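S.K.: Sequence order for the protein chains is A and B. For the first sequence, the residue numbers in our numbering are 612 to 769. For the second sequence, the residue numbers in our numbering are 40 to 460.
Just so you know, the hints here were simulated from the structure itself, not pulled from any lab data. Remember, predicted model here, so these are calculated numbers, not experimental data. Built from N, CA and C at the ideal position, the CB exists for glycine as well. Please note that a few of the clues may not be correct.
[As the list claims (entries may be wrong)] Subject to a maximum C-alpha distance of 25 Å in a straight line, what follows is the list of computed BS3-like cross-link-like pairs (lysine-lysine):
(1) B/K220 to A/K715
(2) A/K680 to B/K165
(3) A/K625 to B/K185
(4) B/K220 to A/K625
[To be verified] Take a look, some chain A residues computed to stay more than 10 Å from chain B by CB distance:
(5) L635
(6) D652
(7) E659
(8) Y707
(9) Q718
(10) T720
(11) D722
(12) T738
(13) A739
(14) L760
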Amino acid sequence: MFTEENLKKVEEIKKRYPTAQSALLPVLWLAQEQFGWISEDVMRYVAELLGLPYSHVYGVVTFYTMYNKKPVGKYHIQVCTNVSCMLNGAYENLEYLQKKLNIKVGQTTPDMKFTLTEVECLGSCGTAPVIQINDDYYENMDIPKLEKLIEQLSRDKK
Amino acid sequence: MEEIKLILRDIPDLHRIEVYEANGGYSALKKALGMSPDEVIEEVKKSGLRGRGGAAFPTGLKWSFMPKDSRPKYLVVNADEGEPGTFKDRQVIEKNPHQLIEGALIAAYAIGAQTIYVYIRGEYVKWMRILQNAIDEAYSRGYIGKNILGSNFSVDIYIHRGAGAYICGEESALMESIEGKRGYPRVKPPFPAQYGLWGYPTTINNVETLANVPVIIDKGGDWYAKIGAPKHPGTILFGVSGHVNKPGIYELPTGILLTDLIYKYAGGVRNNKKIKAVIPGGSSTPALRGDQIEGVTMDFDGLRNAGSMIGTGGVIVMDEDTDMVKVLWRIAKFYWHESCGQCTPCREGTGWMFKILDRIVKGGGRPEDLDLLVSVANNIEGNTICALGDAAAWPIKFGVQRFREDFEKYIKFKSTVLVEK
C-alpha cells in the first residue's frame with residue numbers, strides 16, 4: 612500500500628494526463644521508490660489503483676528494463692559496456708567488479724548490499740567508462756577508482 | 040572556421056533564470072508572442088533548421104503539418120537520449136535549460152499546443168531535477184502557465200520519465216510510452232501531426248532542435264541560415280568519444296571537417312595512433328574506415344556522400360589497434376537487446392546477427408558467415424515498422440564490407456589474439 616503522501620502524489624500525477632493509464636509509468640516509479648522493486652502484489656495494487664487490467668501493468672513492467680522485477684541490493688551497480696565505454700575498458704571494469712563482489716552479472720550479494728547489472732549506453736560517452744549506482748553517475752572509471760568506491764560503500768553498515 | 044556558440048554559450052551560471060534573462064533570455068518568447076503562429080513557422084522554415092535527433096527533418100516543415108482546428112494539441116520534447124555515442128541533450132539541460140524551455144514554448148505557440156511533455160530517459164535523474172527546477176523558475180516568472188506574459192497563450196510543461204527502453208526515442212513508441220503502454224512503434228501513416236498522443240495532433244522535437252529556436256526568432260531565419268553548411272545550417276553539438284585525447288561536446292557549425300573535429304578540437308588520437316574507424320553520428324550510422332574520412336564534412340550531404348549519416352552527431356573514434364569485429368559484435372548485441380519484438384525481421388534478425396557475430400568472436404566463425412550476415416541485414420532493412428530495423432542492419436552490413444579483412448582473419452585463425460598480427 613502506498614503511504615498517504617504517495618497517494619496524494621498519485622492524484623497529482625493523474626492530473627497531468629487526460630487518461631489514468633498515462634499515469635502508469637510515473638506511478639510505477641513511485642512504487643519502486645517506496646517498495647524497492649515491483650512484485651506481483653505491487654503490480655496488482657497499481658492496476659487496481661489506476662483501474663487497469665493486471666495483464667496490462669504486467670506487460671508494461673516487463674517491457675522496461677529499469678523496473679526491478681526482483682529485489683535489488685542497497686547499491687545497484689549498473690555498468691555500461693556499450694561501444695565508447697568498451698573502448699575505454701568497461702569489460703575489464705565489469706570483470707573486476709564480478710571478482711571483487713564475488714557475484715556474476717545479474718546477481719545480488721547475499722547480504723543484499725550490491726546488485727551488479729550490465730546496461731546499455733547511459734549517455735555519458737565523453738566520460739567513458741561510466742557506471743551508475745542507484746541514481747548517480749560515476750564517470751571515467753578505472754579499477755583503482757572502483758576499488759576505492761566499493762570499499763567505501765562496503766564500510767557503510769546501514 | 041568562425042567559432043560560434045548558440046546553445047552552449049560561455050556564460051557562467053547560465054542555467055539560472057536571472058543569468059539567462061540578463062543575457063537576453065525569454066526575449067525571443069516575447070517577440071514570438073507578438074507574431075502570428077504562421078509567422079513563427081515561416082521564420083523557422085527560412086532558417087533551414089533540421090532536426091538534431093538523428094533524421095535531420097526540416098523543423099519548420101514538421102510544424103506546418105499541424106492542423107489548425109480547435110482540437111487539443113501537444114508538443115513533446117524528446118530527451119530520451121539513448122543512441123550509443125550521444126550525450127549532448129544532457130549538456131543542453133545542464134548548461135542552458137531555459138533556452139530549451141523557451142524554444143519549447145515558442146514551438147508550442149507556433150503549433151497551437153496547450154500541453155508540453157518532456158520525455159526524458161529514466162537514467163537521467165540528475166538532469167530531470169535540473170530541468171524541473173528550471174521549469175519551476177519559469178512558472179514563477181510567468182513564462183509558463185496561464186496567459187503567458189499577458190497574452191492569450193497558455194501552456195503547461197510536464198516531465199515524463201522513461202524507464203529504460205531505447206526504442207522510446209522513436210517518436211511513435213515514445214507516445215505509446217506516455218500513454219502508459221509498452222513502447223511499440225506505430226504504423227505510419229497516420230503521422231503524429233494527424234494522429235498523435237491520445238489521437239490528437241502532436242509534434243515531437245529533439246532537445247537540441249528546440250534549443251536553437253529562440254536564436255532563430257531573436258536573430259531571424261535569414262541570419263541563422265548563413266551559419267555552416269547551406270543545406271543543413273546552424274551549429275551541431277558534436278559529441279566526440281572513444282580513443283581521443285579530449286573527448287566531449289563541441290558546438291561547431293555544420294560543414295566542419297570530420298578530421299578538424301577530431302584533431303583540432305578533440306585533441307587527436309591518443310598516443311598519436313592512426314585511426315582505424317570512425318562512427319560519425321551514433322551507433323546506427325555505418326562506421327567509416329580511417330582512409331575514408333579525409334575531406335568529409337559534418338552535415339547531412341557530406342556524410343551521405345561519404346557513405347554514412349549525420350545521425351545525432353555522436354562521433355566515436357577508434358584507433359588502429361581496435362578490434363572492429365568486437366565493436367560490431369557489441370553494436371549487434373545492443374540492437375538485439377533493444378528491438379521491441381513487434382516485427383519479425385527485426386526481432387529475429389537482430390538475434391541472428393548477434394549470434395553469428397558471437398560465434399565469430401568466440402573462434403567458431405565459418406567463411407560463409409560473412410555473406411550470411413549481409414543477407415540477414417538485407418532482410419531486416421526496409422521490412423520493419425520503425426527505423427530500428429534499419430539502424431540495426433546498416434552498421435553490420437557496411438561493417439562487414441568495410442572491415443572484411445578483419446573478419447576473415449578472425450575466421451581463419453579462430454582466435455582473437457592473432458588478429459592484426
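S.K.: The structure should be examined with respect to each hint, and the outcome stated for every one.
M.R.: We went through each hint and held it up to the structure:
1. B/K220 to A/K715: Cα-Cα ~32 Å, so violated.
2. A/K680 to B/K165: holds, 24 Å
3. A/K625 to B/K185: holds, 20 Å
4. B/K220 to A/K625: holds, 15 Å
5. L635: Not fine: 4 Å to the nearest Cβ puts A/L635 too close to chain B.
6. D652: Holds, because the least Cβ-Cβ distance between A/D652 and chain B comes to about 19 Å, which exceeds 10 Å.
7. E659: holds, 15 Å
8. Y707: holds, 19 Å
9. Q718: holds, 19 Å
10. T720: holds, 22 Å
11. D722: At roughly 25 Å from the nearest Cβ of chain B, A/D722 sits farther out than 10 Å, so the non-interface label holds.
12. T738: violated, 7 Å
13. A739: violated, 6 Å
14. L760: Answer for A/L760: holds, closest chain B Cβ roughly 18 Å.
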